[in-house]
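Listed below are the residues making up each chain.
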Amino acid sequence: MRNVKYQIQADSIKASSLPGKKFARYFIYLLLLIVAIGQLFPLVWLINYSLVKDGDLFGPDLLIWPRDPQFKNYKVAWVDGKIPQYLLNSIIINVVSVSLTVLFSVTMSYAFVRMQWKMRNIFLTTILLGMMIPLHATLLPNFMSFRAVGIADSYLGLIIPYIGITLPLGTFLMTGFIRSIPVSIEESILIDGGTILHIIIHAVFPLAKPAVITVIIMTFFTTWNDFIMAATYLASDRYRTLPFAVYNFAGQYASRYAVQFAVMTLVALPSLLLYMALNDQITKGITIGALKG
Amino acid sequence: MQSYRQNKKTIFMLVAPGYAFFLLAVLFPIGLSFYYALTDWSGIGSFNYIGFDNFQRALGDRVFWHSLKNAATLAIMTVTIQHPLAFLFAVLLDRIGGKVERIFKTIFFIPCVIPIMVTSKMWVSIYNSQYGLLNKALDFLHLGFLKQQWLGDPKIVLYSLIVIMMWQGFGWAFLIYYAGVKSLPEEVFEAAKIDGANRRQTLGRITIPLMLPVIAVNVIWAVISSLKQMETIYLTTNGGPGNVSQFLANYLYIKAFDAYEFAYGNAVSVLFVAVCLITTVVLNKCFKKEYY
Numbered sequence: 001m002r003n004v005k006y007q008i009q010a011d012s013i014k015a016s017s018l019p020g021k022k023f024a025r026y027f028i029y030l031l032l033l034i035v036a037i038g039q040l041f042p043l044v045w046l047i048n049y050s051l052v053k054d055g056d057l058f059g060p061d062l063l064i065w066p067r068d069p070q071f072k073n074y075k076v077a078w079v080d081g082k083i084p085q086y087l088l089n090s091i092i093i094n095v096v097s098v099s100l101t102v103l104f105s106v107t108m109s110y111a112f113v114r115m116q117w118k119m120r121n122i123f124l125t126t127i128l129l130g131m132m133i134p135l136h137a138t139l140l141p142n143f144m145s146f147r148a149v150g151i152a153d154s155y156l157g158l159i160i161p162y163i164g165i166t167l168p169l170g171t172f173l174m175t176g177f178i179r180s181i182p183v184s185i186e187e188s189i190l191i192d193g194g195t196i197l198h199i200i201i202h203a204v205f206p207l208a209k210p211a212v213i214t215v216i217i218m219t220f221f222t223t224w225n226d227f228i229m230a231a232t233y234l235a236s237d238r239y240r241t242l243p244f245a246v247y248n249f250a251g252q253y254a255s256r257y258a259v260q261f262a263v264m265t266l267v268a269l270p271s272l273l274l275y276m277a278l279n280d281q282i283t284k285g286i287t288i289g290a291l292k293g
Numbered sequence: 001m002q003s004y005r006q007n008k009k010t011i012f013m014l015v016a017p018g019y020a021f022f023l024l025a026v027l028f029p030i031g032l033s034f035y036y037a038l039t040d041w042s043g044i045g046s047f048n049y050i051g052f053d054n055f056q057r058a059l060g061d062r063v064f065w066h067s068l069k070n071a072a073t074l075a076i077m078t079v080t081i082q083h084p085l086a087f088l089f090a091v092l093l094d095r096i097g098g099k100v101e102r103i104f105k106t107i108f109f110i111p112c113v114i115p116i117m118v119t120s121k122m123w124v125s126i127y128n129s130q131y132g133l134l135n136k137a138l139d140f141l142h143l144g145f146l147k148q149q150w151l152g153d154p155k156i157v158l159y160s161l162i163v164i165m166m167w168q169g170f171g172w173a174f175l176i177y178y179a180g181v182k183s184l185p186e187e188v189f190e191a192a193k194i195d196g197a198n199r200r201q202t203l204g205r206i207t208i209p210l211m212l213p214v215i216a217v218n219v220i221w222a223v224i225s226s227l228k229q230m231e232t233i234y235l236t237t238n239g240g241p242g243n244v245s246q247f248l249a250n251y252l253y254i255k256a257f258d259a260y261e262f263a264y265g266n267a268v269s270v271l272f273v274a275v276c277l278i279t280t281v282v283l284n285k286c287f288k289k290e291y292y
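Chains as they are written, first to last, in my numbering: chain A, 1 to 293; chain B, 1 to 292.
If you're looking for bench data, these hints aren't it; they were derived computationally from the structure. Wrong hints could be hidden among the right ones.
Said to hold, decoys possible - Once the Cα atoms are required to be at most 16 Å apart in a straight line, the calculated EDC-like pairs of lysine to aspartate or glutamate come out as:
#1 K72(A) x D54(A)
#2 K182(B) x D237(A)
#3 K182(B) x D61(B)
#4 K99(B) x D280(A)
#5 K105(B) x D192(A)
#6 K53(A) x D68(A)
#7 K82(A) x D237(A)
#8 K75(A) x D61(A)
Work out the full structure: start from the sequences and follow the hints.
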């Protein structure tokens, strides 16, 4: 159907094109190309400069042909940037936060939409209010209270705030979706002697799959790319996440510019690869999340 | 069956674990922040209760208002420069179709998925006066006289930051418009075609009016995220030089942790929440209601 539409429009463009209009069209194409290059070129530059010698950066060339690519920059970045340790921390923290956010947003949403209880509007409203509260307003008090209860320097010190911050959007998206699931399915499970747990596992999760995927994607990108919460709550190096590989290099290797470019490339790589692999799911998930949220 | 739906124990099991995280990490801290804001605590040692002095001080603080002005500048520039371009490209790519559509769509969103730590530090390098890409590019184009201290000159630093934020946020704005364009009903366009509408009429009388709800969502989102900017500022200029490029979320942070005015930082933090809530509610009242 869509192709038909393009065909019709393409014909109408041909039929109605005057010389002036043609010029306007080339101008728009040019603009499209300029913006695309502007979006991408800094990253190409980043990768390019990560492969040269530190001293070669200061020449006049925009891009430097890496005649002798310095892969050892990446070796230094990998080892001295503590990438393996940070990557492992990132993976552990994100897997736990994302799974729990998904689980809790499903269970809470189910209770908000389907269960009958007096306080549900108060609870739902406060959760949704959370979508408007900027995470930066929680940084100072959490810094103090996490330190006071001794979770500042642990996986929990990041997992707790990550779940708290991402739950409101997750719950919002999930309540909307669960409302659209027909009650009859649940009732037949109840009649067959099933419990609410059965309903959630066998009916809500499978039927709400698009919403679950959206929540996973939105939560993952928030927590994977986070830096300020990790910078605030963690007191030592031990539980730091991937972005800190960049942060650590600034002082220690201030003059080793090419190595800094290499570490930036390495830190960007997981997100980039994931985006390339799951391009369609990610953009679809994010548009659902953004348009509803 | 009704009893199932009213079972208190089940409800508790479903709600309590998740709500506990939210309460602990979001609601309780906001309350605690308000409590700290009423003291004169530096962050270490003992403190006294001083009432609303910190709030009064914040409302008379020039940096506070300047930060809001910077957020407004960012919001206005985003909505007037980034959004029209994103909208235009969304409509255009939908018309072009095929592989070209896919490639551009993929490219536009790439900066959005890269961690802000990398994009911020990368842009610091781009603006670097010795090896930075921007000054080199100006030399390359024989525009060397335009070279600047992009992050050091108080007159242009805010605009340099706005470029970073618009660069990174472009994919978002584009993607939302693009999804909006894709969701428009085709029959309307076919009817317009049959009625002999040209492309400009189609855009002005059909596409834009039908897209108004999406435009509203996107613009509201842009304004609120302008208000909430923090990480990019923190990792590039930290609000400097002076407080010229300061934003509220960064200001409260450096007040609390760098200036050892923890209580004052919390007062700014509480006001920041209030500003965000009010802006969200007002914008939604003004724009969203008309279309839904």
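Hint check:
| no. | hint | result |
| --- | --- | --- |
| 1 | K72(A) x D54(A) | 12 Å, holds |
| 2 | K182(B) x D237(A) | 46 Å, violated |
| 3 | K182(B) x D61(B) | 46 Å, violated |
| 4 | K99(B) x D280(A) | 14 Å, holds |
| 5 | K105(B) x D192(A) | 48 Å, violated |
| 6 | K53(A) x D68(A) | 9 Å, holds |
| 7 | K82(A) x D237(A) | 10 Å, holds |
| 8 | K75(A) x D61(A) | 25 Å, violated |
When each numbered hint is compared with the structure, violations occur for hints 2, 3, 5 and 8.
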